[in-house]
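These protein sequence lines map, in sequence, to chains A and X. First residue of the first sequence? That's 1 in the numbering used here, and the numbers climb one at a time after it. First residue of the second sequence? That's 535 in the numbering used here, and the numbers climb one at a time after it.
It should be emphasised that the hints constitute simulated quantities derived from the structure, not laboratory data. None of the values given here were measured: they were computed from a predicted structure. Virtual Cβ for every residue (Gly too), placed ideally from N, Cα, C. Honestly, I wouldn't trust all of these hints.
[What the hints assert, rightly or not] Short derived list, chain A residues pointing at chain X, Cβ under 10 Å:
| no. | residue |
| --- | --- |
| 1 | Arg160 |
| 2 | Gly181 |
| 3 | Gly258 |
| 4 | Ser291 |
| 5 | Leu300 |
| 6 | Asp349 |
| 7 | Cys488 |
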Amino acid sequence: MATQKLSSLLSVSTTSASLRSLGRHFSWGRGINRFSTSVAIEEPITPPVQIDHTQLLIDGKFVDAASGKTFPTLDPRTGEVIAHVSEGDSEDVNRAVSAARKAFDEGPWPKMTPYERSRILFRFADLLEKHNDEVAALETWDNGKPYEQAANVEIPMVIRLFRYYAGWADKIHGLTVPADGPYHVQTLHEPIGVAGQIVPWNFPLLMYAWKVGPALACGNTIVLKTAEQTPLSAIYVSKLFLEAGLPPGVLNLISGFGPTAGAAICSHMDVDKLAFTGSTNTGKIVLELASKSNLKPVTLELGGKSPIIVCEDADIDLAVEHAHSALFFNQGQCCCAGSRTFVHERVYDEFVEKAKARALKRVVGDPFKKGVEQGPQIDAVQFKKILNYIKSGIESGATLESGGDSVGSKGYYIQPTVFSNVQDDMLIAKDEIFGPVQSILKFQTLDEVIRRANASRYGLAAGVFTKNINTANTLTRALKAGTIWINCYIVFDAAIPFGGYKMSGHGREKGIYSLSNYLQVKAVVTPLENPAWL
Amino acid sequence: MASRRLSSLLSRSLSASGSASLLSFPGRTSGCGRRISRFSTAAEPEDLITPPVQINYTQHLINGQFVDAASGKKFPTHDPRTGEVIAHVAEGDAEDINRAVAAARKAFDEGPWPRMTAYERSRILMRFADLVEKHSDEIAALETWNNGKPYEQAAKSELPLFVRLFYYYAGWADKIHGLTVPADGDYHVQTLHEPIGVAGQIIPWNFPLVMFAWKVGPALACGNTIVLKTAEQTPLTALYVAKLFHEAGLPPGVLNIVSGYGPTAGAALASHMDVDKLAFTGSTATGKIVLELSAKSNLKPVTLELGGKSPFIVCKDADVDKAVELAHFALFFNQGQCCCAGSRTFVHESIYDEFLEKAKARALRRVVGDPFKKGVEQGPQIDPEQFEKILRYIRSGIQSNATLECGGDRLGSKGYFIQPTVFSNVQDDMLIAQDEIFGPVQSILKFKDTDEVIRRANSTRYGLAAGVFTRSLDTANTLSRALRAGTVWVNCFDVFDAAIPFGGYKMSGIGREKGIYSLHNYLQVKAVVTPLKKAAWL
């Protein structure tokens, strides 16, 4: 019930926002302001979960890194160490790849029936459902996202995704193909082999599901590297995968850093396929490493600067709320964040006023607290980067309507920030900020907004708010983006494909389209003797 | 009738081989059996037939106009039979690519092409196919002149296949469907399959027009615009047919053709920030560079069709005569210049000696000569670079102690003719069993059991195609699944068909061309989601 959950989350946050204020003192209107330190004063809530697994998972066993090294993973609420995790590098990747290779070439996985593979995926989803709350707590602890979001939306969606892909495992059909002569032609859709997968820190388990689900459903084996910021939840659930009956070596998990472990996977000569989600800059390096090694095909889900277009006939309250959640959801750390809000000049002032009011009502605080909408940013690097972009917005002459600074003195909290009078050539209108900074731009005509919305190297998603079917149809075709949300935003669903035009990526994840990322097509041709038909 | 044509070509060569004594060159003294021997010089210039075609187009085709290169430069294109210059052709570089991309961009963003109905686009493709069919013999002559491939092959197999491919893709243009998608909530979800935009396409010299069709057909059927760079060895036929495309009603800027070299024009296309998609056919080494340029520029998605070292497995229960003929054809077809050439012939030990004797006899009967001559099976190699490279591989085979059964040297003293060469006792670790030679050099290897041959056949970085010869259904099924290759031909080889997907596993490439699979190379998927009010069903 993924899409339903998301819309229910939205209505929860709408109501809770007016109910709670958390004792924050606002001082809007001046330049850069500070929230009072409600976040810092209160003691962080102790997460209701234990950390039992911090090692690498290779060939069905939890093992230390070959080097013996570990790295700390931090609580974004405080910057304090949660746990020390095994730090994988190229030697660990080599071991993981050879386990995955063996599991693919000799092991039972691709030789099982699809129904057997499917059953293991279903069993895993059931186990995960049983541990939903613990896994959600771990996700929030390591990532800083609101616990309600993790527990009520994200983990259920992970479960939903694995059930979706479990259902695909026994429905992967090749084709029989008409030929111009007496030949019998068929295509086999085969697993590719060892899939290397690199997932980001903003939705650690959801991205795990987007990657692992289709790869396993199609019969591949996997070496997956988690983000160094958020290694914990993937280790936990991979343990459940083994309990569900996944054979050793089918799913290997490496914690570690991009330039070491990540690069080793990308360059590995025995990895047959690569899927990466992360920044466009890193995606370019990933593809380059694939091209310089063995030409493994690469799926990329990269950055975005997605436009939200609010037409003059839009339901303004609906648009304000959706534009708000489109940007601020997950602390603004979404590749498809609606980070350029284009509003028609006739409704611009009203929209800005309401958007500002909505941002001011946004509940920021300890993500384990009920009703909190926004936790801390992921780490110090992102935190500083976002604050630099806010400074850049102010310096370039955009109007700071609200927010503009960090919250508290501990952890990586940032005020929900709204800029109006943003111009297309400002840095905040061009770069992916990946934080709680909404940029509101003004437009006059449809042709103009199409041109401006498309004048970006990115093309991940777009939002359109209008009541007019012709406007909706025009914009839907004209916008160069992989997803168009009309009168809604961030509606995710296992069956809806997601991916980018232009420099937002290659390929589509989720839905029927995701399967081809993990399948090779083999044409098999034999001559026909005395065919009854051609 | 593509696969029929190919098989009829095959039966022609089968029967031709039966009357080999009639068709082979007078005066050819085959010195096989000794080490490196020389054929006599049957392919001397006095024998050469003058091609029945004029060269009218040598400029770039940009925005519907034939134009000189921005630099004014030209490069010579040669007759592989003699090495002599056929024509001087405009030499494109980055500036010409910029102009061509700007034209293609405009034709996509503003022009009529993506705004026409799919039926209108389809009609233009069909009209083009008809025009090519009308000029088939001239175009085939130009192809042979520039490439050296037998005229009969060009005229009776490749040009009809070209026409067939455009009819195939014309039929796809109005059948590109998106999906409506079930959601878990009150949402109406649909996907649109949209053209990507400006497609950059780089094609090789071995099948200049067939590769043109593989690239241009799906890109246009899906509504994209194109900048296509031909191989510097074979620029002529693409210009000829692109002219016909405009006669068929293709709007200006939709298909732009630039002649030139890889490091200049090709690299400019691969690096261009305004090219939305790239398709390349050529060597694996160049393919890696192409993908790297894409990664370093704008991440345009790339389709690659690269090299191969395809195994041809003859099991002990195979029809040996048929296997010999098809293994011969699999390797020597098109002077051995096929990415899917069956260049590792694995033969079961129980029939190895019989197979070898017959394969050698077949190679000795192969008719090499002026490709314009009737009955000729093999013309010259494409150019001196390939010619020298192939001769080096032959030397390497001899030095690594493979047994040279026949051939082994050039033929004649002019042009780039090479004797059909067969090596036996080839071992897996020899260079001739590992590298793509891209010439008329057959390597025959011995195997004992199925597991062994699967392992050996798969132990290569390539995975383009494979041939399997057996009468056993179980053996065929086992090998079909186990071989890591994009095409498995069972009891046949080189059966091409518009509907059969083609492409590589491993370092033989990324993606599939032809068939329904080729369409998504030229489409972007856009998901469109709206909330549903009062939905009658979900």
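Each hint, compared with the structure:
no.	hint	verdict
1	Arg160	holds (7 Å)
2	Gly181	holds (4 Å)
3	Gly258	violated (16 Å)
4	Ser291	holds (4 Å)
5	Leu300	holds (7 Å)
6	Asp349	violated (27 Å)
7	Cys488	holds (5 Å)
The earlier numbered hints that this structure contradicts are 3 and 6.
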